[in-house]
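Protein chains in written order, with UniProt numbering: chain A, 1 to 243; chain B, 1 to 243.
Source of the hints: derived by calculation from the structure; they are not laboratory data. For every residue, glycine included, the Cβ atom is placed at its ideal position computed from N, Cα and C. A portion of the hints provided could be inaccurate.
To spell it out: a stretch of chain B is covered by chain A in this simulated footprint if at least three of its residues, at any positions, have a beta carbon under 8 Å from a beta carbon of chain A; those stretches are [stated by the list, open to error]:
(1) 8 to 15
(2) 73 to 79
(3) 88 to 96
(4) 114 to 124
Far from chain B by the CB rule (all over 12 Å, computed), these chain A residues [said to hold, decoys possible]:
(5) Val42
(6) Asn73
(7) Ile147
(8) Glu149
(9) Phe190
(10) Lys225
(11) Pro229
What follows is each chain in one-letter form.
Number of protein chains: 2
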Amino acid sequence: MNILIKITYDGTNFHGFQLQPDERTVEGELNKGLAKTLNKEVKIFYAGRTDRGVHALGQYANFYSDTTIDIGNLPKVINFNLPEDVSVVDAKYVPEDFHARYDARLKKYRYVVHLSRYRNALLLNKAYEYPYKVDPDRMRKALSYLIGEHDFNSFMGKGAVVKDSIRTIDKIDVIEEGDFLYLDFVAKSFLKNMIRIVTGTALEIGRGQREIEYMKEALKMKKRKAAGPTAPACGLYLVDVKY
Amino acid sequence: MNILIKITYDGTNFHGFQLQPDERTVEGELNKGLAKTLNKEVKIFYAGRTDRGVHALGQYANFYSDTTIDIGNLPKVINFNLPEDVSVVDAKYVPEDFHARYDARLKKYRYVVHLSRYRNALLLNKAYEYPYKVDPDRMRKALSYLIGEHDFNSFMGKGAVVKDSIRTIDKIDVIEEGDFLYLDFVAKSFLKNMIRIVTGTALEIGRGQREIEYMKEALKMKKRKAAGPTAPACGLYLVDVKY
Numbered sequence: 001m002n003i004l005i006k007i008t009y010d011g012t013n014f015h016g017f018q019l020q021p022d023e024r025t026v027e028g029e030l031n032k033g034l035a036k037t038l039n040k041e042v043k044i045f046y047a048g049r050t051d052r053g054v055h056a057l058g059q060y061a062n063f064y065s066d067t068t069i070d071i072g073n074l075p076k077v078i079n080f081n082l083p084e085d086v087s088v089v090d091a092k093y094v095p096e097d098f099h100a101r102y103d104a105r106l107k108k109y110r111y112v113v114h115l116s117r118y119r120n121a122l123l124l125n126k127a128y129e130y131p132y133k134v135d136p137d138r139m140r141k142a143l144s145y146l147i148g149e150h151d152f153n154s155f156m157g158k159g160a161v162v163k164d165s166i167r168t169i170d171k172i173d174v175i176e177e178g179d180f181l182y183l184d185f186v187a188k189s190f191l192k193n194m195i196r197i198v199t200g201t202a203l204e205i206g207r208g209q210r211e212i213e214y215m216k217e218a219l220k221m222k223k224r225k226a227a228g229p230t231a232p233a234c235g236l237y238l239v240d241v242k243y
Numbered sequence: 001m002n003i004l005i006k007i008t009y010d011g012t013n014f015h016g017f018q019l020q021p022d023e024r025t026v027e028g029e030l031n032k033g034l035a036k037t038l039n040k041e042v043k044i045f046y047a048g049r050t051d052r053g054v055h056a057l058g059q060y061a062n063f064y065s066d067t068t069i070d071i072g073n074l075p076k077v078i079n080f081n082l083p084e085d086v087s088v089v090d091a092k093y094v095p096e097d098f099h100a101r102y103d104a105r106l107k108k109y110r111y112v113v114h115l116s117r118y119r120n121a122l123l124l125n126k127a128y129e130y131p132y133k134v135d136p137d138r139m140r141k142a143l144s145y146l147i148g149e150h151d152f153n154s155f156m157g158k159g160a161v162v163k164d165s166i167r168t169i170d171k172i173d174v175i176e177e178g179d180f181l182y183l184d185f186v187a188k189s190f191l192k193n194m195i196r197i198v199t200g201t202a203l204e205i206g207r208g209q210r211e212i213e214y215m216k217e218a219l220k221m222k223k224r225k226a227a228g229p230t231a232p233a234c235g236l237y238l239v240d241v242k243y
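Please take these sequences and the hints and turn them into a complete structure.
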């Protein structure tokens with residue numbers, strides 16, 4: 001059977017999702033946990049990698065197995081074989097040809113900014129502590145230039161291996177909630193560091209360090225140095241993937 | 001001057017708030033951080049101790065100092081001298097005779113329960129993972145017996161040193177939000193482990209393991225073994241203190 005699992009993790013102590021020799025990765029821990037659970041090694045196919053330090057509420061992976069463990073109990077059994085900072089929160093059977101990456105229609109990410117003059121100990125590694133006043137409406141205007149299909153080369157992290165840097169952003173919402181500012185991104189796929197560079201640029205605009213039009217110009221320039229800084233990984237969450 | 005600070009901490013790696021020789025405590029770290037900031041040792045007076053593993057969004061402490069550091073910058077400077085899991089989020093001058101414990105009118109605590117069949121890695125040490133269905137209305141009815149002034153001896157942890165176990169609970173709210181159940185408690189003061197024992201008992205009633213009347217009877221019995229289990233510390237947050 002082809003089984004799809006939904007995975008959460010605290011990215012703080014992982015060197016990202018993707019398997020790497022000699023580094024602690026989410027994929028590496030999943031491989032070990034699944035091998036223990038199923039008594040054999042399986043290959044997982046996942047929705048998309050996340051950078052070192054990035055969290056997930058809804059990462060997905062599928063694998064083939066003839067396990068007789070009840071599908072409703074499967075997450076619990078796998079979790080028993082996983083470290084505390086990664087867990088499976090759902091499991092279901094999917095068609096034989098289902099693929100967690102190729103069948104992903106949309107990915108939703110949230111970037112969490114804590115707007116406060118003073119850091120909050122309970123948010124350690126869970127939000128970007130940004131001790132400045134920002135104008136969310138300036139950010140909304142600037143971010144509206146990015147909606148739709150564009151060449152996002154200016155917002156791509158160095159060392160990315162891709163065919164092209166053209167992507168389509170369906171939606172960006174800027175939500176204010178108490179001391180928090182959430183930037184919600186929806187797209188079929190994103191480039192390496194793309195959300196973090198867009199967020200870093202949008203925050204400089206929100207703070208008044210850059211003009212609103214800076215976002216439009218950065219997009220046009222098609223080179224990384226035209227855009228703002230990369231916001232830290234700890235504020236970013238892969239929230240869900242739509243199939 | 002008498003200075004009142006508002007403090008947040010992640011209780012996971014502390015042996016509680018109160019100073020203890022040879023143990024890492026919040027008070028111990030605050031003493032060290034304040035001594036570094038003010039270049040002299042100060043005695044702090046705090047709103048109330050919290051148990052090992054309990055978190056705080058709004059703990060308070062006052063101390064006397066003639067520091068010339070601007071009061072708006074003071075939290076930032078103190079935070080620089082504190083470890084990552086404790087921080088100061090506000091500071092203000094208070095009258096000379098103000099005392100963070102004696103002047104506390106009300107304390108608000110929140111107990112966070114995650115109602116899910118499977119654990120969530122991002123909630124590690126931050127909520128009580130309770131993999132059962134509960135009926136919040138049964139909990140509300142049972143908890144209503146505790147409102148007002150009562151002898152809470154049945155809900156007091158062992159080893160507590162108190163004059164008496166009579167306390168007054170002003171309010172208990174049970175709030176449902178997605179997979180979360182919040183139990184919000186308001187009172188001038190609580191006994192040792194009181195909120196955790198009340199929560200543990202209320203959850204057994206919510207789950208249907210105990211009758212609603214069990215809460216009333218437990219209260220009447222005035223002995224610890226008449227009530228339910230102590231819910232784990234990691235779900236409990238001192239949210240705020242009203243002066």
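Each hint, compared with the structure:
1. 8 to 15: holds (count 3)
2. 73 to 79: With 3 residues in contact (Cβ-Cβ under 8 Å with chain A), the coverage given for the region 73 to 79 of chain B holds.
3. 88 to 96: holds (count 3)
4. 114 to 124: Holds: 8 residues of the region 114 to 124 of chain B have a Cβ under 8 Å from chain A.
5. Val42: holds, 19 Å
6. Asn73: violated, 9 Å
7. Ile147: The claim holds: isoleucine 147 of chain A sits with its nearest Cβ about 28 Å from chain B, beyond 12 Å.
8. Glu149: holds, 33 Å
9. Phe190: holds, 21 Å
10. Lys225: holds, 31 Å
11. Pro229: Fine: 21 Å to the nearest Cβ keeps proline 229 of chain A off the interface.
The structure fails to meet hint 6 from the earlier list, while all remaining hints are met.
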